[in-house]
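With chain A's structure known, arrange chain B on it following the hints.
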Amino acid sequence: MKPGPFEYVRPASVEEAIAALEDGGYDAKPLAGGQSLIPAMNFRLAQPAVLVDLEDLDELRGIRAREDGGLIIGAMTLHRELERSTLVAERAPLVAEVMPWIAHPQIRNRGTVGGSLAHADPAAELPSVMQVLDAVLHVRGPDGGRTIPVDEFYLGLFTTALEPGELLTAIEIPPLPAGATCAFEEVSRRHGDFALAGVAVVVETGADGAVARARMSLLSVGDGPVLAERTMASLVGRALSAESIRDAAAITAEDLDPPSDIHASAAFRRHLAGVLTHRALDRLRA
Amino acid sequence: MKQILELRVNGDRHEVGVPTHFTLLETLRYVLGLTGSKQGCDKGDCGACTVIVDGEAVLSCIMPVQEAEGREVRTVEGIAGRRGAHPLQKAFDLTGAAQCGFCTPGILCSALALLEVNPQADRDEIARALSGNLCRCTGYTKIFEAVLLAGQAMSSGREPAEIIGEP
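Chains as they are written, first to last, in my numbering: chain A, 1 to 286; chain B, 1 to 167.
Just so you know, these hints were derived from the structure itself, not from any lab. From a predicted model like this one, the values you see are computed outputs, not experimental measurements. Just so it is clear, CB atoms sit at the ideal spot from N, CA and C, and this is done for glycine as well. Just so you know, not all the hints are guaranteed correct.
What the hints assert, rightly or not - Footprint (simulated), chain B over chain A, 3 or more residues, beta carbon under 8 angstroms: (1) 6-20; (2) 30-40; (3) 105-114.
In isolation and in its complexed conformation, chain A is listed as follows (with noise of 0.2 angstroms):
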C-alpha cells in the first residue's frame, strides 16, 4: 500500500512551519515522528496534500527543569528520550511508568510526546496521563502563542482544540505537590497493543491522612481523554481504604459509557476500568 501524493516541506523554523501550515489550510499536515501519520496515509485513512516536517525544529526538542520543580517537554522529544530521562523519572514519575506502556520499542524511538498528544487517539497514554498531572500545552500559530490545559484540549475523536495553523510547541508540567502519589494501570490484548481500557491517577494526601486532591483519567473508554470527575469527588475528604477504593471504582465504571469494538464489548470495558481504578488505588494504599 502507498500513501497518496504529497508536497513535502521541510522549514528551519517555527515560524516557517506556522507560514507553511497556515498556507495549507486543512489540507496541510505537521508531521512529528509519523508513527501514527505515516500508517494512516500508508492506508489512505489520511491524505494530507501538504505535509509540513518537523524534524528539523530542535527548538521543539528537549526537556527542561522549570525553577519551581516542574518540566517543559518540547513536543518533538521522542518518547526514547522520556522514557531514559533521570529528570523525568524524578520529577514526573508517572510520565517515566507510563512509557514503556506505549507501544513497542520501535515506535518510542521514532514517536513524540508532542505528537502523541495532538494526535488525540482515544487509545492513547500521554494524554490522560498529562491531563492528571495538570499539564499544560503551548501552541504558536498565526497570531502568537496561546497555553491551553490538558482539561480544555481534547473535543473529541481525533479533535483538538488546535487552529489550522496552529503548531503544539511544548508540554508544561507543574511539579507535584508535596504528598501525591501517581499510578498509572492499562491492559491490552498483548504488551504494547492498543489498551482495551486504561486509568491514569494522581491522589494528593494531606497532614491528616485524608485524601485532598485526586485527579483521575481513563483511555480508550471514550472518544478521547476521560476526566472521571465524580470518581475524583468521591475520594476527596477520606482517607484511601478498601471502602473508598471500592466505591471508586464502582462509580468509575457506573459514569462510564465505553464503545463497543472488533477489541471489546461496551460492558467488558467498563469492567476493566472499575478494576483498572481499583488496582491503581490499591497501589497508591499500600
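Just chain B, lined up with the frame of chain A:
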C-alpha cells in the same frame, strides 16, 4: 514528483531519485534493491521492516525516506562482516531460531540494536526489545535463546558454536 536524496546505508553512500511519498522501506527495497527488510503490515504493527538508524531500531515502513537523510541506516544486509556471518546470525542458525524467515531480518535488527548497547541483556530485556517484532512460527523461545547466546558471544569474544559445544 521525485527528489534527489543522499542516503548512507550499510556504510555505502547512495544518491537516489525517489518519489516524495516513498517510505524508507520502499526506498531500500524498490530503489536500492535491498529486499532483506520485509514489507509486512505497512502500519508499524509487525516489525518485519525494522532497520537500525543511528543505532536505534526503527520501523522503516512508517519512516518517510527524507528523514533518513544525514543518518546512518543499517539493514540486515549490513549485519554480516567481511569475515562472514555476525555472531547474532550464527546464533540464530545454531539454535534454529529462524523458521519461515519472514520476521528474521527485523528481529536481527532489533536484537542487534539492543546487544550493541547491552550485550549482557537478560531474557526480560530481550523480550522487551523484541516486543515489536511478530513471529508466527517459533513461539519466540528459540529466538530468545539465540539472542542470549549472541550476547554471550559478543561480550566474551567467543564463537557461538564454541559456547554451546557444537563442532
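query: Honestly, which of those hints from before does the structure not fit?
result: Per hint list: zero violations.
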